[in-house]
Amino acid sequence: MGLKEWIVPQERHFFDLLEEDAKAVAEGARALLDLLRDFRDVPGKQKHIKDIEHRGDEAVHTIFEELNKTFITPIDREDIMALASDLDNVLDMIDAAANRLRLYEIEEPSPAMVDLAEVIVEATSALEKAVGMIQDMKQADKVEAICVEVNRLENVADDLMNTSVAALFKEKDVIHIIKHKEIIERLEEATDYCEDVANVLSDIVAKNQ
Amino acid sequence: MGLKEWIVPQERHFFDLLEEDAKAVAEGARALLDLLRDFRDVPGKQKHIKDIEHRGDEAVHTIFEELNKTFITPIDREDIMALASDLDNVLDMIDAAANRLRLYEIEEPSPAMVDLAEVIVEATSALEKAVGMIQDMKQADKVEAICVEVNRLENVADDLMNTSVAALFKEKDVIHIIKHKEIIERLEEATDYCEDVANVLSDIVAKNQ
Amino acid sequence: MGLKEWIVPQERHFFDLLEEDAKAVAEGARALLDLLRDFRDVPGKQKHIKDIEHRGDEAVHTIFEELNKTFITPIDREDIMALASDLDNVLDMIDAAANRLRLYEIEEPSPAMVDLAEVIVEATSALEKAVGMIQDMKQADKVEAICVEVNRLENVADDLMNTSVAALFKEKDVIHIIKHKEIIERLEEATDYCEDVANVLSDIVAKNQ
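Residue numbers (numbering that gives the first Met the number 0), protein chains in the order written: chain B, 0 to 208; chain R, 0 to 208; chain F, 0 to 208.
Keep in mind that the hints were calculated from the coordinates and are not lab data.
Careful: at least some of the hints might be erroneous.
Given that identical chains are not distinguished, each listed pair holds provided it fits within a single copy or across any two copies.
Said to hold, decoys possible - Once the Cα atoms are required to be at most 20 Å apart in a straight line, the calculated EDC-like pairs of lysine to aspartate or glutamate come out as: (1) LYS169 to GLU181; (2) LYS137 to ASP75; (3) LYS180 to GLU170; (4) LYS49 to ASP37; (5) LYS206 to GLU65; (6) LYS206 to GLU77; (7) LYS49 to ASP158; (8) LYS206 to GLU143; (9) LYS68 to ASP140; (10) LYS141 to ASP15; (11) LYS49 to ASP157; (12) LYS44 to ASP114; (13) LYS169 to ASP158; (14) LYS171 to GLU104; (15) LYS180 to GLU104; (16) LYS141 to GLU64; (17) LYS171 to GLU106; (18) LYS206 to GLU64; (19) LYS44 to ASP158; (20) LYS46 to GLU107.
Build the full structure now, drawing on both the sequences and the hints.
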């Protein structure tokens, strides 16, 4: 048992809280992909995503509350805060996209939306794994590999957005263009925030190994 | 007189500076509501809001300057910086909305804009009160209650935006849609920043009680 | 030789890394202005800007990596991080604007775009100079003067955007409006981030003189 474990055993539940949070984000991503692939019962599925988003909010709230009561944290306080709020941003974007699919009365999601949601599922599942690994610095290389992969996925999402928005402008119905463009941009933004999470994780392992 | 007061009497004016800043924000919100409710002399009223925004900028500038000259602060330096810049963001959004009302030659504000401005007035007045309370930690519960209320108001604004943008898409004039959508989104963003201010206040009282 | 130089000679290369980063940003701005002024070989010129952006990304990455391996930094760690990521934001916006010029198949840039790019060139060249001055605090006044100038340039860009977007709304072709509005807003956002860089520089010299 290392010195760190001996001093702060009770603080290690920050890792559990962060894992719970990352799990909610990955679940939200899967629910969004399910909505886009099988576009039926949109209000019901959107409500389900909203519920997951509320769970994520509570996880973040708990993390901040615990931080305020805790003097010694297993990793830097700022890194825990950054991880929690970046994960929250990912889930917010997932929720914002789902919300607009219903509110804007989108008749059918475009293939680009499904593709983007698949990228978000891949990125958030990878991040869930990585968040589960940071309490054991022997896995630093695996965390780093996931961060590289999430950065690659963000580039994929960026290309998907660029190509699909350019194609969208060829259409006639301007209202359709505006609605679809906004949803596609929110989906891409979700992967930007995934990259932010990856950058924090990468920093954490760099500092602690 | 507590130990803290004895050590740093001269630093307590940070509370005054923050209060002044919060007061300018609440004043800007009231000026915006006045503009939207009585949509006459738009250039004059917009100029008035711009002046208030400049006053807010100066308050923030003074706070940062003072922080650079001060070693001991009554609450965490980072929290003072976060409060000042989040308050600034609220006022920037108020100013951005007012500016676009004039520049986009909006003929008549929509009821949703008035509703949103009312929410912003409520939120910023509550925040002004809360900022005035943080120098006395015995009022922590009242501050916390205001923060909960501001979070509720942000949800109200979010619903107002969603419903009104969805309704906007039913209209024929696309230019009208684009202009109104942007102004409504800026108004909603103002309440997002109010929530940021509330979250910092909530953290401050949690840490210091 | 001052005490500071004696203690941390090997850490002074942070200044070199930041200078390299600021140089890439200014180069990206000049490449964007060249593209807008002489709108030929758009894909080739856009690719050139993307390459500069990659170089900027690598500079930021190196700075963060070095920070993780370094205990003593010549100026506050947070300030180095803020400078690097704000400079990165400027370059991202330059790249985003160039990218959209190609993807949206813009036929001819508007005069407002050229004007905005000129402002970005001025601001980023000034920032490159200022970043080169912060290792010598005797030049604090010159740095401060540049920061005031960059703040002025941000206001100029804001006015340019407001006037040109308002004029854009007079046009008939909505698709044209949407595309041009977005590019103009990205260009203006680049100057917002220049202001962020200037604010950090201003803070650094205020704290260290």
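For each hint, the structure was consulted:
1. In this homomeric assembly, LYS169 and GLU181 come within 20 Å of each other (Cα to Cα) both inside a single copy, at 16 Å, and across copies, at 17 Å.
2. For the homomeric pair LYS137 and ASP75, the shortest alpha-carbon distance inside one copy (18 Å) is at most 20 Å, but the shortest distance between copies (30 Å) is not.
3. Proximity of LYS180 and GLU170 under a CA criterion of 20 Å is satisfied in both settings, with 12 Å inside one chain copy and 18 Å between copies.
4. When the C-alpha separation of LYS49 and ASP37 is checked against a cutoff of 20 Å, the pair qualifies only within one copy, where the shortest distance is 18 Å, while the shortest distance between copies is 37 Å.
5. For a Cα distance limit of 20 Å, the shortest separation of LYS206 from GLU65 across copies, 10 Å, qualifies, whereas the shortest one inside one copy, 23 Å, does not.
6. For the identical chains of this complex, LYS206 and GLU77 are neighbours both inside a copy (13 Å) and across copies (15 Å), given an alpha-carbon limit of 20 Å.
7. Proximity of LYS49 to ASP158 under the C-alpha cut-off of 20 Å is restricted to the inter-copy arrangement: shortest distance 13 Å between copies versus 28 Å within a copy.
8. Proximity of LYS206 to GLU143 under the C-alpha cut-off of 20 Å is restricted to the intra-copy arrangement: shortest distance 12 Å within a copy versus 34 Å between copies.
9. In the homo-oligomer, the alpha carbons of LYS68 and ASP140 lie at most 20 Å apart only across protomers (17 Å), although the nearest pairing inside one protomer, at 32 Å, exceeds that limit.
10. In this assembly of identical chains, the alpha carbons of LYS141 and ASP15 lie at most 20 Å apart only when taken from the same copy (19 Å versus 32 Å across copies).
11. Taking the shortest Cα distances, LYS49 and ASP157 sit within 20 Å of each other only across copies (13 Å), while inside one copy they are farther apart (25 Å).
12. When the C-alpha separation of LYS44 and ASP114 is checked against a cutoff of 20 Å, the pair qualifies only within one copy, where the shortest distance is 19 Å, while the shortest distance between copies is 29 Å.
13. For the homomeric pair LYS169 and ASP158, the shortest alpha-carbon distance inside one copy (17 Å) is at most 20 Å, but the shortest distance between copies (31 Å) is not.
14. Both within a single protomer and between protomers do LYS171 and GLU104 lie at most 20 Å apart by alpha-carbon distance, with minima of 18 Å and 16 Å respectively.
15. Within a single copy, LYS180 and GLU104 get their C-alpha atoms as close as 14 Å, and across copies as close as 16 Å, so both meet the 20 Å cut-off.
16. In this homomeric assembly, LYS141 and GLU64 come within 20 Å of each other (Cα to Cα) only across copies, at 18 Å, whereas the closest approach inside a single copy is 30 Å.
17. Taking the shortest alpha-carbon separations for LYS171 and GLU106, both the intra-copy value of 16 Å and the inter-copy value of 19 Å come in at or below 20 Å.
18. For the identical chains of this complex, LYS206 and GLU64 are inter-copy neighbours only, at 9 Å across copies versus 25 Å inside a copy, given an alpha-carbon limit of 20 Å.
19. In this homomeric assembly, LYS44 and ASP158 come within 20 Å of each other (Cα to Cα) only across copies, at 18 Å, whereas the closest approach inside a single copy is 28 Å.
20. Taking the shortest alpha-carbon separations for LYS46 and GLU107, only the intra-copy value of 18 Å comes in at or below 20 Å, while the best inter-copy value is 34 Å.
Of the numbered hints given earlier, the model fails none.
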